[in-house]
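S.K.: In the UniProt record's numbering, the protein residues as written are 1 to 242.
Just so you know, these hints were derived from the structure itself, not from any lab. Relax, there's no trap hidden among the hints.
Here are the simulated lysine-lysine pairs, DSSO-like style, with alpha carbons at most 30 Å apart:
| id | residue 1 | residue 2 |
| --- | --- | --- |
| 1 | K37 | K132 |
| 2 | K150 | K101 |
| 3 | K25 | K4 |
| 4 | K101 | K37 |
| 5 | K15 | K27 |
| 6 | K25 | K37 |
| 7 | K4 | K47 |
Here the structure is a predicted model, which means the values were calculated and not measured.
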Amino acid sequence: MGAKLYNLLHMLNLKPDSLFHTLLKCKLDYHQSEVAKYMQSTDQQQKVRETALFLAELYMQLRGDDDARIQLIAVNIVYSLSQLLAFETAENVRCICQTLKLAGYDLSADCPQDMQQIIAALQTIEAMFPGKYAMAASVLALQENNWGRKISNALGGDDDAVNKPPEPPRLSDEPVFYGPDGRELTAEETDFLAAEDDATGSDGDDSDEGDNELDLDPEMDEETERAYKDFLKQGKKAAKKS
1 MGAKLYNLLH
11 MLNLKPDSLF
21 HTLLKCKLDY
31 HQSEVAKYMQ
41 STDQQQKVRE
51 TALFLAELYM
61 QLRGDDDARI
71 QLIAVNIVYS
81 LSQLLAFETA
91 ENVRCICQTL
101 KLAGYDLSAD
111 CPQDMQQIIA
121 ALQTIEAMFP
131 GKYAMAASVL
141 ALQENNWGRK
151 ISNALGGDDD
161 AVNKPPEPPR
171 LSDEPVFYGP
181 DGRELTAEET
191 DFLAAEDDAT
201 GSDGDDSDEG
211 DNELDLDPEM
221 DEETERAYKD
231 FLKQGKKAAK
241 KS
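Kindly generate the complete structure, drawing on both the sequences and the hints.
M.R.: In structure tokens form, the structure reads like this:
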């Protein structure tokens, strides 16, 4: 909610010299200067964890702005994560993993070198203490899978392609479905699930049948629950078309 409020204030005045953005920059600069001091105390480290998660949420809310504000937030996030890695505790590793699950893909684009160091540090921790931090293994697997983004390997093919650097992988608009084991479903498996839906007569368009079978968070508000159900319906329709 705090990140949404910040985004609302941002939308009220998009000028880079607005009072809100000036205050945000001052706050970010101050936080970065204080992080090292906070990390000296176990109690104060909570401030770094909470701020990192908040900034990650704000960072994702403001995505799409082509200006230095997004980069400044990204820099603050990866700096905080690097400091948390220097003091390895279960709480710190958990915070790092939560932040990367939320914003790892975008941070890798905005701060590639810092992210490489963070991922390398997580890999070292996982290698030294296999299974000690379950979320670390999960995040590393997600990162190896391009943060869950599906990639098309098709490249342009003009005559000068040999002399050009390879184009970055393009993201596909097709939905990606995963099974209970976390692996991507094949086209055959997706078709099978779609056929099962047709056989049982479920159509996700005008009916809410089956909603009672969803494992929803009891603390989820109505707006989030409705959005989640719409997401599932869209996934089913996409599976039927594929």
